[in-house]
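Participant: All chains should be modelled from the sequences, with the hints used to inform the complete structure.
Residue numbers (our numbering), protein chains in the order written: chain H, 1 to 389; chain S, 390 to 773.
Watch out, some of these pointers could steer you wrong.
[Unchecked claim] Stretch by stretch, here's where chain S covers chain H in the computed footprint (C-beta under 8 Å, at least three residues): (1) 64-74; (2) 369-378.
[To be verified] In silico DSBU-like cross-links for lysine-lysine, where the CA-CA straight-line distance does not exceed 30 Å: (3) H:25 x H:220; (4) H:87 x S:769; (5) H:25 x S:603; (6) S:573 x S:653; (7) S:401 x S:769; (8) H:87 x S:401.
To be clear, the hints were calculated from the coordinates, so they are not data collected in a lab.
Every residue gets a Cβ at the ideal spot worked out from N, C-alpha and C, and that includes glycine.
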Amino acid sequence: MTRPPSTLNSRLDLWWSRLAAMTVKELIQLGRDTLLLAAIVYLFIFDVYMAGNVSMQLNHAVVVTHDADHSESSRELYYRFHAPYFKLGGEVLDAREGLRLLDRGQALMVLDVPPDFERDLKKGKAVDVQVQVDASNTVLGFLASSYAAQIIGQFGSDQALERLGVTERTLQNVPLIQDQHRVWYNPNQQDSWFMPISELLTVVTIMALMLPAAAAVREKERGTIEQLLVSPLTPIQIMLTKVIAMTVVILLGTGASLLLVLHGIFAVPMKGSLLLFFAVTTLYTFTTAGLGLYISTISRNLAQATMLVILVLMPMLFLSGAWTPPEAMPSGLRLAMYVSPLYYFIEMGYGILLKGAGLEVLWDSLLGLALLGMAIFSFGVWRFERQFK
Amino acid sequence: MNPRRIRALAYKEWREILRDRLFFVLAFVVPAALMLVFGYGLTLDVEHLPFAVVDQDKSAMSRDYLHRFMDSRYFDYQGDVASERDLAPLLADSRIRLAIVIPPRFQENLQAGRQAAVQTVIDGTFPFRTASSKGYVTAINAAYNRDQLADYLSRSQGVSRETARTMAQPIAVQLRYLYNQEMKSVWSIGAALMMFVLMVTPPFLTALGVVREKENGSIYNIYASTVSRGEFLIGKLTPYVGISITNILILWALAWGLFGAPFKGHPLFFFLASVIYVTCTTGVGLLVSLFVRTQVAAMMLTVVVTIVPSVLYSGLLVPIASMDPAGQFEAHLFPAMYYTDIALGSFLKGVGLEQLWGKVLALAFYAVLLWSASFLLFHKRPKA
Numbered sequence: 001m002t003r004p005p006s007t008l009n010s011r012l013d014l015w016w017s018r019l020a021a022m023t024v025k026e027l028i029q030l031g032r033d034t035l036l037l038a039a040i041v042y043l044f045i046f047d048v049y050m051a052g053n054v055s056m057q058l059n060h061a062v063v064v065t066h067d068a069d070h071s072e073s074s075r076e077l078y079y080r081f082h083a084p085y086f087k088l089g090g091e092v093l094d095a096r097e098g099l100r101l102l103d104r105g106q107a108l109m110v111l112d113v114p115p116d117f118e119r120d121l122k123k124g125k126a127v128d129v130q131v132q133v134d135a136s137n138t139v140l141g142f143l144a145s146s147y148a149a150q151i152i153g154q155f156g157s158d159q160a161l162e163r164l165g166v167t168e169r170t171l172q173n174v175p176l177i178q179d180q181h182r183v184w185y186n187p188n189q190q191d192s193w194f195m196p197i198s199e200l201l202t203v204v205t206i207m208a209l210m211l212p213a214a215a216a217v218r219e220k221e222r223g224t225i226e227q228l229l230v231s232p233l234t235p236i237q238i239m240l241t242k243v244i245a246m247t248v249v250i251l252l253g254t255g256a257s258l259l260l261v262l263h264g265i266f267a268v269p270m271k272g273s274l275l276l277f278f279a280v281t282t283l284y285t286f287t288t289a290g291l292g293l294y295i296s297t298i299s300r301n302l303a304q305a306t307m308l309v310i311l312v313l314m315p316m317l318f319l320s321g322a323w324t325p326p327e328a329m330p331s332g333l334r335l336a337m338y339v340s341p342l343y344y345f346i347e348m349g350y351g352i353l354l355k356g357a358g359l360e361v362l363w364d365s366l367l368g369l370a371l372l373g374m375a376i377f378s379f380g381v382w383r384f385e386r387q388f389k
Numbered sequence: 390m391n392p393r394r395i396r397a398l399a400y401k402e403w404r405e406i407l408r409d410r411l412f413f414v415l416a417f418v419v420p421a422a423l424m425l426v427f428g429y430g431l432t433l434d435v436e437h438l439p440f441a442v443v444d445q446d447k448s449a450m451s452r453d454y455l456h457r458f459m460d461s462r463y464f465d466y467q468g469d470v471a472s473e474r475d476l477a478p479l480l481a482d483s484r485i486r487l488a489i490v491i492p493p494r495f496q497e498n499l500q501a502g503r504q505a506a507v508q509t510v511i512d513g514t515f516p517f518r519t520a521s522s523k524g525y526v527t528a529i530n531a532a533y534n535r536d537q538l539a540d541y542l543s544r545s546q547g548v549s550r551e552t553a554r555t556m557a558q559p560i561a562v563q564l565r566y567l568y569n570q571e572m573k574s575v576w577s578i579g580a581a582l583m584m585f586v587l588m589v590t591p592p593f594l595t596a597l598g599v600v601r602e603k604e605n606g607s608i609y610n611i612y613a614s615t616v617s618r619g620e621f622l623i624g625k626l627t628p629y630v631g632i633s634i635t636n637i638l639i640l641w642a643l644a645w646g647l648f649g650a651p652f653k654g655h656p657l658f659f660f661l662a663s664v665i666y667v668t669c670t671t672g673v674g675l676l677v678s679l680f681v682r683t684q685v686a687a688m689m690l691t692v693v694v695t696i697v698p699s700v701l702y703s704g705l706l707v708p709i710a711s712m713d714p715a716g717q718f719e720a721h722l723f724p725a726m727y728y729t730d731i732a733l734g735s736f737l738k739g740v741g742l743e744q745l746w747g748k749v750l751a752l753a754f755y756a757v758l759l760w761s762a763s764f765l766l767f768h769k770r771p772k773a
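Facilitator: Printed below as a string of structure tokens:
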């Protein structure tokens with residue numbers, strides 16, 4: 001045994017070595033739970049990979065036609081509904097059959113062409129084309145109807161110009177607007193660049209909230225916290241080590257996920273500084289862990305803690321900007337969003353990885369996260385210390 | 390199977406849940422709270438897109454054209470910037486989501502009968518929102534061009550503007566949105582949220598309830614008692630299924646009463662299908678609890694098997710129809726997808742057993758599978 005420390009320096013050394021010893025204890029404890037480790041690896045690697053194969057865009061939606069005209073024009077119109085957005089599902093003989101397919105979800109859209117469609121078109125008379133869209137999923141319904149309107153509109157004006165004898169050459173003399181788009185950051189709008197990042201940020205959030213909360217409540221539930229309290233450790237040390245250990249695990253997982261899945265499989269361009277990304281992740285983990293520790297102080301057992309974690313986690317995940325854009329949120333919830341650490345993390349995560357933004361652009365988000373982090377973390381520490389008094 | 394023992398066990402479990410006040414309250418508060426927060430906050434409508442303008446022409450016509458964007462509820466005008474170079478920091482900071490660039494001599498070209506290129510710069514970070522924004526811009530530009538063409542035709546053919554309009558665009562599209570005429574996303578989401586909340590909460594309740602006995606060691610009382618495996622599982626889980634059934638009714642009332650989602654289907658059918666579904670999700674929790682020894686692992690594993698699939702593979706946010714074959718295959722492996730169809734079908738489409746029997750059968754099959762697997766995996770004589 002060494003003799004009791006006297007100088008400030010050696011006392012600090014002791015403080016640090018105790019912290020290190022406790023952190024190692026936490027890591028060993030985590031490492032012994034094979035199933036837990038498997039779950040962590042699964043979430044960081046396979047789950048992020050699976051998310052990359054999921055798309056939110058309209059893709060091969062089945063369109064059937066109820067064609068009362070059976071003309072060349074009606075067929076041409078129908079054949080314009082093609083991949084990637086649409087898939088031709090054939091013809092139905094009456095409107096009821098079309099409805100039945102919609103009811104069963106076997107078709108998303110029914111195109112209803114009236115009789116004498118071609119004749120009226122050739123005469124330049126106005127015709128109505130009816131489109132029935134399954135809007136039970138509003139996202140799909142909206143995309144399908146707007147693409148359908150585009151396709152039919154294009155077909156209509158093509159027909160009209162042909163009838164009027166307006167050629168490409170004469171069209172040059174019509175003062176039209178050329179619609180040009182440029183998409184930045186993700187030029188081909190690949191979901192495989194967006195979804196894995198979103199999923200990775202989600203996984204980090206789940207871990208940062210759950211692991212420290214669980215580690216802290218477990219000690220309480222099993223009674224091992226008494227042993228820790230009679231040890232020379234201060235409450236802050238007990239608490240910090242849990243956060244540090246889990247942060248190490250999360251950073252390792254994030255690194256593996258970035259390298260193997262995002263870079264290795266999906267070739268997401270990582271434009272910004274990875275160092276900044278990891279720094280931000282660390283700050284975020286600490287902030288969220290503070291929230292987890294706070295939860296651990298109000299719950300007596302893990303069942304309670306888990307329910308509370310879900311109560312905090314789910315709104316955070318869905319309302320922080322990855323799914324619902326801030327500008328579309330009702331104003332009350334928008335304010336709530338500014339106290340969600342994930343909001344800042346999403347801003348910076350996408351900003352650094354996809355947009356290549358640096359501190360000069362992201363400083364306000366970073367400042368927001370840092371302030372929030374300090375507030376949450378010190379509140380968590382305060383509560384954690386208080387429960388032992 | 391001895392009904393008395395099952396009853397005694399169920400009663401014991403019920404007392405235990407009831408005595409843990411916070412847990413008992415949370416078992417009802419969490420589902421309802423999730424429903425409320427998402428119902429009000431989770432909107433997938435792409436609206437109020439903040440945009441900036443680079444107007445290099447600053448003419449009457451360019452202002453007139455830009456007003457079509459400013460007056461639309463889909464766009465929120467944030468101001469003018471001097472050049473395209475100033476857009477980069479705004480887009481990088483998400484202060485704007487798109488920008489419209491009007492070229493110099495826009496008015497001059499159009500008046501001289503020449504075409505003018507208008508460029509739209511869009512933030513592609515969120516591909517789904519990008520696709521919608523592109524759609525809006527295209528629609529506005531197409532409408533503008535239709536007007537221009539009509540003007541041109543009325544001048545060159547000497548007809549009235551109205552006639553020229555029909556000449557330029559003879560086909561009128563009549564869109565009918567079935568099942569959700571006003572396209573309220575809260576209707577769809579309200580129904581789909583029942584799936585989500587009932588997928589997430591019952592497994593957690595169950596898994597933690599069972600693993601707690603294991604971790605505390607109180608399960609040895611069961612091992613040493615005359616209670617058989619089947620009796621234990623049924624007795625233990627009855628209160629959790631009961632809580633979840635109450636939650637079905639609460640969530641249903643919220644979706645219908647608060648969000649105003651119409652319920653067009655058959656109430657009894659939907660209720661029974663929902664009971665099968667929660668039996669299923671409770672079974673998920675049960676199976677998880679048999680694999681793990683600690684509550685922490687139970688928690689993590691439940692996250693893996695419930696939250697992730699019910700977000701990605703259920704049709705809540707990501708439509709199953711637009712997945713690639715591998716994704717669709719995975720979606721069919723999880724029970725969530727079937728129940729989403731049942732909920733949307735019952736709420737919005739008003740279809741019943743004759744259309745949905747396949748999905749109900751899939752859920753029932755899933756429930757039987759989970760419960761029998763749990764029965765086979767549960768041993769009263771644990772291996773060390």
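Participant: Run every hint past the structure and note whether it holds.
Facilitator: Here is what the structure says about each hint:
Counting residues of the region 64-74 of chain H whose CB lies closer than 8 Å to any CB of chain S gives 0, so the stated coverage by that chain is violated, three being the minimum. Counting residues of the region 369-378 of chain H whose CB lies closer than 8 Å to any CB of chain S gives 0, which falls below the minimum of 3, so the coverage claim is violated. Restraint check for residue 25 of chain H and residue 220 of chain H: the C-alpha separation of about 16 Å stays at or below 30 Å, so the hint holds. Taken as a hint, the residue 87 of chain H and residue 769 of chain S pair is broken in the structure, with Cα atoms around 54 Å apart against an allowance of 30 Å.
Proximity of residue 25 of chain H to residue 603 of chain S is assessed by CA-CA distance (about 23 Å); at most 30 Å being required, the pair is judged to hold. Between residue 573 of chain S and residue 653 of chain S, the direct Cα distance comes to roughly 16 Å. Compliance with the 30 Å bound is thereby established for this hinted pair. Between the alpha carbons of residue 401 of chain S and residue 769 of chain S the distance comes to roughly 19 Å, so the proposed pair stays at or under 30 Å and holds. Among the hinted pairs, residue 87 of chain H with residue 401 of chain S is inconsistent with the structure: their alpha-carbon atoms are about 56 Å apart, more than 30 Å.
In the structure shown, a violation is registered for the earlier hints numbered 1, 2, 4, 8, in ascending order.
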